[in-house]
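Novice: Work out the full structure, taking the sequences as your base and the hints as a guide.
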Amino acid sequence: MRRFWLLLCLSSVVAGQSCTENASDGTKVRISLASGLKDKAYMWNENEMFLFRSTLAYAMRKHMQGSDFQVSNILVCRETQRVSFWFVVTSSMDNSTLISKEMVREAVRKSRDRINGAFQLTDQTLEFLGIEAIMPPQPEHIDSRWMIVFSVFISLVVFVLLLMIMLSVVQKKRKRNEKTKKETCEEEIYRNTVVVQGICNSTFSD
Amino acid sequence: MRLVLPNPGLDLRIPNYDDLERMDKEEAGDRPKWDNKAQYILTCVGFCIGIGNVWRFPYLCQSHGGGAFLIPYLILLVLEGMPLLLLEFAIGQRLRKGSVGVWRAINPYLTGVGIASMLVSLLIGLYYNTLIAWIMWYLFNSFQDPLPWAQCPLNENRTEYVAECQESSTVDYYFYRVTLNSTTTIADSGGLHWPIVLSLLAAWTFICICYIRGIGTSGKAVYVTAILPYIVLAIFLIRGLTLKGALSGIKFLFTPDVDELIKPTTWLDAGAQVFYAFSIAWGGLISFSSYNPVHNNCMQDAVILSAITGLTSIYAATVTYTIIGFRATEKYDTCMNENIRTLLNAFDLPEDAVNQSNYDTALIHLNSSYPETVLGLGLKTCDMQKLLSEGVEGTGLAFIVFTEAITKMPGSPAWSVLFFVMLLCLGISTLFGNIEGVVVPLKDLNLLPQKWPQEALTGVTCVVAFILSLLFAQNSGLYWVTLFDNFAGSVPLLSIGLAELIAVSYIYGIDRFNEDLEFMIGKKPCIFWQASWRFISPIIILVILVFYLVTQVQEELTYLVWDPNSEVFPVLASIPYPSWINAIIFLVAGIPSLTVPTYALCRLVFVCCKKKLKSNKINLNQLS
Chain S
1 MRRFWLLLCL
11 SSVVAGQSCT
21 ENASDGTKVR
31 ISLASGLKDK
41 AYMWNENEMF
51 LFRSTLAYAM
61 RKHMQGSDFQ
71 VSNILVCRET
81 QRVSFWFVVT
91 SSMDNSTLIS
101 KEMVREAVRK
111 SRDRINGAFQ
121 LTDQTLEFLG
131 IEAIMPPQPE
141 HIDSRWMIVF
151 SVFISLVVFV
161 LLLMIMLSVV
171 QKKRKRNEKT
181 KKETCEEEIY
191 RNTVVVQGIC
201 NSTFSD
Chain W
207 MRLVLPNPGL
217 DLRIPNYDDL
227 ERMDKEEAGD
237 RPKWDNKAQY
247 ILTCVGFCIG
257 IGNVWRFPYL
267 CQSHGGGAFL
277 IPYLILLVLE
287 GMPLLLLEFA
297 IGQRLRKGSV
307 GVWRAINPYL
317 TGVGIASMLV
327 SLLIGLYYNT
337 LIAWIMWYLF
347 NSFQDPLPWA
357 QCPLNENRTE
367 YVAECQESST
377 VDYYFYRVTL
387 NSTTTIADSG
397 GLHWPIVLSL
407 LAAWTFICIC
417 YIRGIGTSGK
427 AVYVTAILPY
437 IVLAIFLIRG
447 LTLKGALSGI
457 KFLFTPDVDE
467 LIKPTTWLDA
477 GAQVFYAFSI
487 AWGGLISFSS
497 YNPVHNNCMQ
507 DAVILSAITG
517 LTSIYAATVT
527 YTIIGFRATE
537 KYDTCMNENI
547 RTLLNAFDLP
557 EDAVNQSNYD
567 TALIHLNSSY
577 PETVLGLGLK
587 TCDMQKLLSE
597 GVEGTGLAFI
607 VFTEAITKMP
617 GSPAWSVLFF
627 VMLLCLGIST
637 LFGNIEGVVV
647 PLKDLNLLPQ
657 KWPQEALTGV
667 TCVVAFILSL
677 LFAQNSGLYW
687 VTLFDNFAGS
697 VPLLSIGLAE
707 LIAVSYIYGI
717 DRFNEDLEFM
727 IGKKPCIFWQ
737 ASWRFISPII
747 ILVILVFYLV
757 TQVQEELTYL
767 VWDPNSEVFP
777 VLASIPYPSW
787 INAIIFLVAG
797 IPSLTVPTYA
807 LCRLVFVCCK
817 KKLKSNKINL
827 NQLS
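Here the protein sequences come in this chain order: S and W.
Numbering of the first sequence is given in our numbering, commencing with residue 1 and proceeding in unit increments.
Numbering of the second sequence is given in our numbering, commencing with residue 207 and proceeding in unit increments.
Simulated from the structure, these hints should not be mistaken for lab results.
Since the model is a prediction, treat every value here as computed from it, not as a measurement.
Check each hint, because a few of them may be wrong.
In silico DSSO-like pairs for lysine-lysine, Cα to Cα no more than 30 Å straight-line [claimed, not checked]:
{"no.": "1", "chain 1": "W", "residue 1": "K649", "chain 2": "S", "residue 2": "K179"}
{"no.": "2", "chain 1": "S", "residue 1": "K172", "chain 2": "W", "residue 2": "K243"}
{"no.": "3", "chain 1": "W", "residue 1": "K426", "chain 2": "S", "residue 2": "K173"}
{"no.": "4", "chain 1": "W", "residue 1": "K649", "chain 2": "S", "residue 2": "K175"}
{"no.": "5", "chain 1": "S", "residue 1": "K173", "chain 2": "W", "residue 2": "K657"}
{"no.": "6", "chain 1": "S", "residue 1": "K181", "chain 2": "W", "residue 2": "K239"}
{"no.": "7", "chain 1": "S", "residue 1": "K172", "chain 2": "W", "residue 2": "K649"}
{"no.": "8", "chain 1": "S", "residue 1": "K179", "chain 2": "W", "residue 2": "K231"}
{"no.": "9", "chain 1": "S", "residue 1": "K172", "chain 2": "W", "residue 2": "K657"}
{"no.": "10", "chain 1": "S", "residue 1": "K182", "chain 2": "W", "residue 2": "K231"}
{"no.": "11", "chain 1": "W", "residue 1": "K657", "chain 2": "S", "residue 2": "K179"}
{"no.": "12", "chain 1": "S", "residue 1": "K179", "chain 2": "W", "residue 2": "K239"}
{"no.": "13", "chain 1": "W", "residue 1": "K231", "chain 2": "S", "residue 2": "K173"}
{"no.": "14", "chain 1": "S", "residue 1": "K175", "chain 2": "W", "residue 2": "K426"}
{"no.": "15", "chain 1": "W", "residue 1": "K231", "chain 2": "S", "residue 2": "K181"}
{"no.": "16", "chain 1": "S", "residue 1": "K173", "chain 2": "W", "residue 2": "K649"}
{"no.": "17", "chain 1": "S", "residue 1": "K175", "chain 2": "W", "residue 2": "K239"}
{"no.": "18", "chain 1": "S", "residue 1": "K182", "chain 2": "W", "residue 2": "K614"}
{"no.": "19", "chain 1": "W", "residue 1": "K426", "chain 2": "W", "residue 2": "K649"}
{"no.": "20", "chain 1": "W", "residue 1": "K243", "chain 2": "S", "residue 2": "K175"}
{"no.": "21", "chain 1": "S", "residue 1": "K172", "chain 2": "W", "residue 2": "K426"}
{"no.": "22", "chain 1": "S", "residue 1": "K40", "chain 2": "W", "residue 2": "K614"}
{"no.": "23", "chain 1": "W", "residue 1": "K657", "chain 2": "S", "residue 2": "K181"}
{"no.": "24", "chain 1": "W", "residue 1": "K586", "chain 2": "S", "residue 2": "K38"}
{"no.": "25", "chain 1": "W", "residue 1": "K450", "chain 2": "S", "residue 2": "K38"}
{"no.": "26", "chain 1": "W", "residue 1": "K239", "chain 2": "S", "residue 2": "K182"}
{"no.": "27", "chain 1": "W", "residue 1": "K657", "chain 2": "S", "residue 2": "K175"}
{"no.": "28", "chain 1": "S", "residue 1": "K175", "chain 2": "W", "residue 2": "K231"}
{"no.": "29", "chain 1": "W", "residue 1": "K239", "chain 2": "S", "residue 2": "K173"}
{"no.": "30", "chain 1": "S", "residue 1": "K28", "chain 2": "W", "residue 2": "K657"}
{"no.": "31", "chain 1": "S", "residue 1": "K172", "chain 2": "W", "residue 2": "K239"}
{"no.": "32", "chain 1": "W", "residue 1": "K649", "chain 2": "S", "residue 2": "K40"}
Specialist: The following block contains the structure:
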């Protein structure tokens, strides 16, 4: 439990005056390494932070063509153990002016997948608060798939149905033929007044 | 001398023992016959084991004291279910007719019992096949990855998910909106929903070909439809036991709560469940046993069938609750993880600081130091018991709880196909008995010409039934199904069962019945059977019937609706039925039950009138 108090104290460490003064132009970032990478999670340290700042500088360069953003233009502050921090972007030409939030967001949006890729994370585990994740593309709604299965099923069923009806019609016809054969045979015997003991052999009839 | 009501002319109406022996030896070609004993047993097992064993019994078991519920269930199985089962088997085997023929032979005034059975079978068959249509719809849609109920569709702007889906859940949305397109009340019909119309078409044509030649074809089909569910349940059991949280589900199901045994509703529900589980009073069992050889040991069959039904119910309940336990654990984990994430984000704590085991202590500490912040976070309460007990009955179990659980299992399309094929088999095998209980009486009553071949009889019945069941293809179809489920299958079946017991014990004569059994199987039924047929079973059924009527009349009739605009959404809202529903309920529940006395009365009047006319004629002749 003492750990909690320690961590709470750490989280209130303030770093970088320019960062706190201009919090309105800053963007908060939250990184969830444990839930995103589980076993493969790496430690968040200064090297990773350096990578983040350089990736962001790349994103700014890509968005503002012809600009000359450096790692030093990305200022980070208010780091916590969570891992979360705020960052602001200073202009490449003038270190005291900050790039507006909207510009930064546009830049991040454009290069989102490259930034994610650098850290092996996703939109949900590398969050830029205030920049919505783009909805994942829906798989093409496969309405047709169930129609295909249904049509196959119905055609099979109808086919079997017709087959069975035809079979029973054929069977009945055959039975009727046999019956009439038997009747004509018995008639013959009656006409010939040969009182045979009910034995009707078709070989005797012509 | 035992109490027997006068029944003149009985010997003229029924075949005597010599006739029976002759019929047995000659193998009369007209009447259908079972190919072998296994077919008969499997057909009966399939008839008795239906979808209700998967989605009604486990819920009753869990809500009425878990393991303790088995006590009233098994007691009533033996005292109520088994005697009625043997009664139907024996009377069918002895009199060798379908349900209308049997009661007409015992006494023409009792034909109403057979007609009532037919009406009940028809009404139940209509809504039961609608359930099968829904199962087929889900089955047709299971052949894709990811399953269509695994995610919400995007709205028109493609900016976020459809609101109705986000507020409830993907499976709820898929069932109530995509599959059924439910309206908000039963009065609002909303027109036909064509996916359901097509599914109904598939269902009715399927049952048509399975039963096209009567038991000749259905007898072959039961080899698959009766055995496959057991195999699939075994597969699900093995898979279910390997899932996380399965054992908590089973523990929840079977934890006995002995206090529940004192409540009368537990015993009533157990009695009602036994009654429906055995498909008694549908008329199908009488028909099936009339195709047996005369000396078939029906007593053994009744005992075997009761044992199989009881064991299968417990087996299916176990499997169901492993899956329910898994789903509840998944939802609980998701809920807890969300809460933990909210806490971590709000207080910027490292990710492994709070986990499920120390969540409570962490929350207490944080609440004591930052109460306003914690309050403002909107943390949800994650209640495992609540998750285990939600949506576990009826359609909710199959189409919501199970489908959700399946989406979380790897290889979901395969599991989905397997599950819905199992439900399909369970339903179809029950429908065989159902359709037998409709077609054979129609033939006996001459409503369908005797000369028609079996194919034509089955075909016409299926076509007419399909048209009638379009009632359930409307957008309000779900509410109609629930209505029929609650009313068509409760009071009518109980009253028919009671009438059957009284008819055989006191009108046919228990002594005569005993002699018949001695002739057929070689020994007289022991005192247990006799006491059950004459006293115990009728009293149990009467008590259940009276209690049921009393409770129903007292309550205001309400039903649950899917209303996205209601306050309690996504929970189903409970609203009262419109007043004209009472007429429908009377039609559905009252008419089959009242057929028995009504027919007897009509016949009495008819016979009296005829006698009067005859005596007038004679008088006239004498005068002239």
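Novice: Is the hinted pair K657/W and K179/S satisfied, with a Cα-Cα distance of at most 30 Å?
Specialist: holds (17 Å)
Novice: Decide if the proposed pair is consistent with the structure: K175/S and K426/W, CA atoms, cutoff 30 Å inclusive.
Specialist: Given pair K175/S, K426/W holds - Cα atoms ~24 Å apart, limit 30 Å.
Novice: Decide if the proposed pair is consistent with the structure: K172/S and K657/W, CA atoms, cutoff 30 Å inclusive.
Specialist: Measuring from Cα to Cα gives roughly 13 Å; hence the hint holds.
Novice: K28/S and K657/W: Cα distance at most 30 Å?
Specialist: Distance ~84 Å between K28/S and K657/W Cα, so the pair is violated.
Novice: Does K426/W sit within 30 Å of K172/S, going by the straight-line distance between their CA atoms?
Specialist: holds (21 Å)
Novice: Keeping to a limit of 30 Å between CA atoms, is the pair of K239/W and K182/S held or broken?
Specialist: Roughly 26 Å between the alpha carbons, so the hint for K239/W and K182/S holds.
Novice: Assess, step by step, whether the Cα of K175/S is no farther than 30 Å from the Cα of K239/W, and give holds or violated.
Specialist: holds (20 Å)
Novice: Would the pair K426/W and K649/W pass a check requiring their Cα atoms to be no farther apart than 30 Å?
Specialist: The hint holds at about 23 Å.
Novice: Within a Cα-Cα threshold of 30 Å, do K231/W and K181/S meet the stated pairing?
Specialist: This hinted pair holds, its Cα atoms lying about 28 Å apart.
Novice: Can the restraint linking K649/W and K40/S be considered satisfied, given a maximum Cα separation of 30 Å?
Specialist: Measuring from Cα to Cα gives roughly 72 Å; hence the hint is violated.
Novice: With the threshold set at 30 Å, check whether the alpha-carbon distance from K426/W to K173/S stays at or below it.
Specialist: At roughly 25 Å apart (the allowed maximum being 30 Å), K173/S and K426/W satisfy the hint.
Novice: Just to be careful, I want the Cα atoms of K172/S and K239/W compared with a cutoff of 30 Å; is the pair within it?
Specialist: holds (19 Å)
In summary, the structure is inconsistent with hints 18, 30, 32 from the numbered list given earlier, while agreeing with the others.
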